[in-house]
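So you can see what is in the structure, the chains are spelled out below.
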Amino acid sequence: MLCLAGVSLAAEPVRIGIVTELTGKNALAGQQARRGAQLAVEDITGEGGIHGRRFEVVIEDSASNNAGAVNAFNKLAARGDLAGLIAPLRSTQVLAALPRINEIGLPTITGATNELITRLGCRWIFRNRTNDGLAAQLAVVYAVKKLGARRIGILHDTDAFGTGGRSALTNALRDLYNIEPVAVENYNTGDRDYTGQLLNLRNAGCDLVISYCTNEPDIGLILRRYRQLGMPYKWLGSPSSGTSISLNITRRAADGIYVFTDFSPERATPRGPTYRAEFRRRFGMDPDLAATQIYDALQLFAQALRRVAGRAAGQSASGIDPEALRQALLETRHVGVAGPFYFDQYGNGRHDEVIATIENARQKPLEIIDESAIRREPLPAGSIPPAPPYARWATAGQLVLEGIALGSIYALVALGFVLLYNAANLVNFAQGELVMVAGYLLATLATRIGPLPGLLVVLAVMAAGSVVFRRCTYDPIAELAARDFTAFIVTTLGASIFLKNLARLIWGAEPALVDSPFGHGSLEVAGIFMPTHEAGIVAITAAALTALYIFFQRTMVGVRLRAVAQDRETAGLMGIPVKKMIAIAFAGAVLLGGLGGVLLAPVYFVHPEVGSAVSLKAFSASIVGGFGSVPGAILGGLLLGVAEQLAGAYISQAFRDGIAFVLLILVLIFKPSGLFGEKSGERA
Amino acid sequence: MNHQGTKTPRLLLPWCLGVLVVILPFLVKSPYSMHLLVMAGIYVIATLGLYFVVGLCGQFSLAQGAFFALGAYGLALLQQKLHFPSVFALLGGALLAALFGLVVGLPTLRLRGHYLAMATIGFGEIVYLTLKNWIWLTNGPDGLNIRRPFWPGSVMAYDRIYYFVVVAVAVAAAFAAIRVRRSWWGRALLAVRDNELAASSLGVATTRVKVYAFMASAFLGGLAGAMYAQAETYISPDFFNFDLSIMLVVMLLVGGRNSVGGAVAGAILLGFLPEWLRFLKDYYMLIFGALVTMLMIVMPNGLAGLWRKAVSSKQ
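Sequence order for the protein chains is A and F.
Our numbering puts the last residue of the first sequence at 694; the count rises by one with no breaks.
Our numbering puts the last residue of the second sequence at 524; the count rises by one with no breaks.
Calculated from the structure, these hints are not laboratory results.
There's no promise every hint is true.
Residues of chain F clear of chain A, computed beta-carbon distances all greater than 10 angstroms [unchecked claim]:
#: 1; residue: P240
#: 2; residue: F269
#: 3; residue: S295
#: 4; residue: L308
#: 5; residue: G331
#: 6; residue: K341
#: 7; residue: F373
#: 8; residue: S392
Listed below are the simulated SDA-like cross-link pairs for lysine to any residue, each with C-alpha atoms no more than 20 angstroms apart in a straight line [what the hints assert, rightly or not]:
#: 9; chain 1: A; residue 1: K244; chain 2: A; residue 2: V192
#: 10; chain 1: A; residue 1: K35; chain 2: F; residue 2: L315
#: 11; chain 1: A; residue 1: K681; chain 2: F; residue 2: R319
#: 12; chain 1: A; residue 1: K35; chain 2: F; residue 2: P316
#: 13; chain 1: A; residue 1: K681; chain 2: F; residue 2: V312
#: 14; chain 1: A; residue 1: K155; chain 2: A; residue 2: A488
#: 15; chain 1: A; residue 1: K35; chain 2: A; residue 2: L490
#: 16; chain 1: A; residue 1: K681; chain 2: F; residue 2: R321
#: 17; chain 1: A; residue 1: K374; chain 2: A; residue 2: D296
#: 18; chain 1: A; residue 1: K35; chain 2: F; residue 2: Y493
#: 19; chain 1: A; residue 1: K589; chain 2: F; residue 2: M456
#: 20; chain 1: A; residue 1: K244; chain 2: A; residue 2: L157
#: 21; chain 1: A; residue 1: K681; chain 2: F; residue 2: Y493
#: 22; chain 1: F; residue 1: K238; chain 2: A; residue 2: D91
#: 23; chain 1: F; residue 1: K518; chain 2: A; residue 2: L490
#: 24; chain 1: A; residue 1: K155; chain 2: A; residue 2: L490
#: 25; chain 1: A; residue 1: K589; chain 2: A; residue 2: F562
#: 26; chain 1: A; residue 1: K35; chain 2: A; residue 2: R202
#: 27; chain 1: A; residue 1: K155; chain 2: A; residue 2: R202
#: 28; chain 1: A; residue 1: K35; chain 2: F; residue 2: I455
#: 29; chain 1: A; residue 1: K244; chain 2: A; residue 2: N210
#: 30; chain 1: F; residue 1: K238; chain 2: F; residue 2: L220
#: 31; chain 1: A; residue 1: K681; chain 2: F; residue 2: P316
#: 32; chain 1: A; residue 1: K35; chain 2: F; residue 2: F451
#: 33; chain 1: A; residue 1: K590; chain 2: A; residue 2: E489
#: 34; chain 1: A; residue 1: K590; chain 2: A; residue 2: A488
Stretch-level coverage of chain F by chain A, calculated; a stretch enters the list once three of its residues show a Cβ under 8 angstroms from a Cβ in chain A [said to hold, decoys possible]:
#: 35; region: 231-237
#: 36; region: 422-435
#: 37; region: 509-519
Even for Gly, the Cβ is constructed at its ideal location relative to N, Cα and C.
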């Protein structure tokens, strides 16, 4: 009996459960993680598995959010055949799942760097990356000692990673050098515009800015803008500022900045070259942090497992005693692809950082610093130089210009809303996704046939697509929609979910980049920088609005459309083909959304969620201006664009999106007809 | 109603469902499925809340996710900062949400249709940003861990007991919704829904009955949120985003907005759908979106509409 059990046990593979982000906003990281896991499994199998037992992984999806991560752990817990777990890269997800991880009681390796994770008393959690507290100390040491920075500013994401990084940096500055950051600025994940923050950092007289940014698209755009605005301070960025994705966004704009990271793609480690070559051969791209973190974590598990696999396993169904595996991990010394690993009593496994610079859009490692460089050396009082003066009006002017460019796009999208609302009393909740689709189409076409012909083709495709859109969301419910306004809201909500996920499937989660036909430089006039593309946005919007004005005032179709908007029934009685007019309004709305999309794409790049934010703002803008009113939509758009910029820079960046809605609710309460519109609050 | 023949099956069905609801937690094997059952019950409560505003009153609210969040954070903060016992914290969370329902409802319910929808989106966005950025109060994006009100020794046992708490509340909420619909207030709400002008000319204080509906909706949304916090034992802002509000509205519409049974069925169906369709993997949300659009086209009155059609065609 015993012998039989032994045999069947030997045939049973050793399994590690992985929770990663297969779907949702970080699906790209999850895809890379899956690839890293695949290579690790093959390599470990090639080395003979775990004493003859096969090595396998089971992957569960966290859907890129906390509840999803908790669910995924529950699922893995229910299996009962796992030897160990790998938790997601995102700190907030790991913090959410920590009570579950504690209950499951299996050794769990995570790549999340928030310091708290290993300090909350969960004895099962291990971290195979440098934690934020240590990373921030090392970054501060480099900034002060090697780069000679004294007036240090901080820019951070408001998410768990960014806020954790901000406190770690502030603490490190205080503890090591007895100085405070001269400015702290923040943004919400996915904000599309960072001018206010960058200017505030300059105005505070920073000589160096340390950034803690979670997502590559954000830091990519931040660095691009940092160059376009000609900011005078140096930059030392968290790992995301030097990854291939963000360098692909910034192109050469990131050249010359510094990056502190525990993962440098070029770091020379014994396993590194073969791993990278194999990864490139298999997947046609360089391995990133997400892939390498999982690869190293699985290798760590394999090392520890080989030491305990022979021993008695107690009650465990996996044949591995969790307590013994935990002990073995604590004793493991391993040089992985990313660097050397050894675990301290808290489960922290990495203790060094690579400082790199960016050269020709590639990371170039400068040096490796570890704990031994950390020393308390308070700077004498008065060692911080005074801030250089700056021109206040230039900052305000810059912000207004920025606001007008962004507001132009709101205005175009808002006009799309107004057109449909006037023609058929419809509000299209998928308008933002039309913006997004147009952006993607341009991204696809611009590289093949050039930006300008691409733009024209996209508009033609959008016009044709409007027919499909109408047939799917409006025609089947036309009668119902006349009685019940929610019907069209629901069909377009469905369409919006559909289009977002279609885009994710076709174009992937990686933000698509588009080159502007106007270039990515900037014009400087009297201390104000106007990026050339944004000048282009304003020009094209002005041209489009003029064309629209002529269309409405001087053409028969335009006049008929206005008649339908004023009174649909009477217009019908007068012999105007109302159905046809509605079809034209659909085409117009889709085209305006499309135009907004192609103008938006080169500044803010394209990703599946890009449209939702813009369309909510545009809709608010049209209500603020006076819903149903064409001048109201334009003025409302411009007003909102400028208000957002000013409120963001002078009041609060984190609440900037909220400020737009506060404005909206105030207008709705006190002047429901809008600032520039006729009384229409009763129309619904 | 008076047909003798149809009375038996009509009584039989609720009994069968009742028995199923009671034995279900003993049939499921994994803690995971158990947790899903709890979540489905919580969605039922939140969707029933929405029924007051959208179903009875005909107003389109996209703020239910925000009320859900207020209930969850209300419970957490009452427990952690003011050391309320669990039961009072639960009620406190729901009442906090109802209070916000009053504060938001008073000015915005004068608006109609798209305007109200937009104002509720704005409110939800502000709540979300506040939860995320007021770190001194809410611990920001890192979220809060919630104490369990009792601990029977394992997650499975906890969820199983908590399931019955959720079901009891959901059943009470459903009965309350049915009672309200048959009351003067319910008839006033329906009158407002069908023709606000006519209702007000008949002496209905339209804004007041709407505000009450909004508060009831917020109360149930908050209660559901507070129970979510106790079931999940962890909350963070990112769960309470715009998608949650959309999901709750879609649950109600798929079930059938004019029926209490529909609200319940929609919440249960969509609560489980992601799990049943998990084999679709990357395609799930794509198909979900297409389904939402198609459901509106094929069955504008939701599951309840289909059911009514099926019953009436039998007779």
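Structure-based check of each hint:
{"no.": "1", "hint": "P240", "result": "violated, 6 angstroms"}
{"no.": "2", "hint": "F269", "result": "violated, 5 angstroms"}
{"no.": "3", "hint": "S295", "result": "holds, 17 angstroms"}
{"no.": "4", "hint": "L308", "result": "holds, 17 angstroms"}
{"no.": "5", "hint": "G331", "result": "violated, 3 angstroms"}
{"no.": "6", "hint": "K341", "result": "violated, 6 angstroms"}
{"no.": "7", "hint": "F373", "result": "holds, 20 angstroms"}
{"no.": "8", "hint": "S392", "result": "holds, 25 angstroms"}
{"no.": "9", "hint": "A:K244 - A:V192", "result": "holds, 14 angstroms"}
{"no.": "10", "hint": "A:K35 - F:L315", "result": "violated, 36 angstroms"}
{"no.": "11", "hint": "A:K681 - F:R319", "result": "holds, 12 angstroms"}
{"no.": "12", "hint": "A:K35 - F:P316", "result": "violated, 35 angstroms"}
{"no.": "13", "hint": "A:K681 - F:V312", "result": "holds, 18 angstroms"}
{"no.": "14", "hint": "A:K155 - A:A488", "result": "violated, 69 angstroms"}
{"no.": "15", "hint": "A:K35 - A:L490", "result": "violated, 35 angstroms"}
{"no.": "16", "hint": "A:K681 - F:R321", "result": "holds, 14 angstroms"}
{"no.": "17", "hint": "A:K374 - A:D296", "result": "holds, 15 angstroms"}
{"no.": "18", "hint": "A:K35 - F:Y493", "result": "holds, 15 angstroms"}
{"no.": "19", "hint": "A:K589 - F:M456", "result": "violated, 32 angstroms"}
{"no.": "20", "hint": "A:K244 - A:L157", "result": "holds, 9 angstroms"}
{"no.": "21", "hint": "A:K681 - F:Y493", "result": "violated, 42 angstroms"}
{"no.": "22", "hint": "F:K238 - A:D91", "result": "holds, 16 angstroms"}
{"no.": "23", "hint": "F:K518 - A:L490", "result": "holds, 18 angstroms"}
{"no.": "24", "hint": "A:K155 - A:L490", "result": "violated, 70 angstroms"}
{"no.": "25", "hint": "A:K589 - A:F562", "result": "holds, 18 angstroms"}
{"no.": "26", "hint": "A:K35 - A:R202", "result": "holds, 16 angstroms"}
{"no.": "27", "hint": "A:K155 - A:R202", "result": "violated, 34 angstroms"}
{"no.": "28", "hint": "A:K35 - F:I455", "result": "holds, 17 angstroms"}
{"no.": "29", "hint": "A:K244 - A:N210", "result": "holds, 15 angstroms"}
{"no.": "30", "hint": "F:K238 - F:L220", "result": "violated, 30 angstroms"}
{"no.": "31", "hint": "A:K681 - F:P316", "result": "holds, 12 angstroms"}
{"no.": "32", "hint": "A:K35 - F:F451", "result": "holds, 14 angstroms"}
{"no.": "33", "hint": "A:K590 - A:E489", "result": "holds, 15 angstroms"}
{"no.": "34", "hint": "A:K590 - A:A488", "result": "holds, 13 angstroms"}
{"no.": "35", "hint": "231-237", "result": "violated (count 0)"}
{"no.": "36", "hint": "422-435", "result": "violated (count 0)"}
{"no.": "37", "hint": "509-519", "result": "violated (count 1)"}
In summary, the numbered hints that this structure violates are 1, 2, 5, 6, 10, 12, 14, 15, 19, 21, 24, 27, 30, 35, 36, 37.
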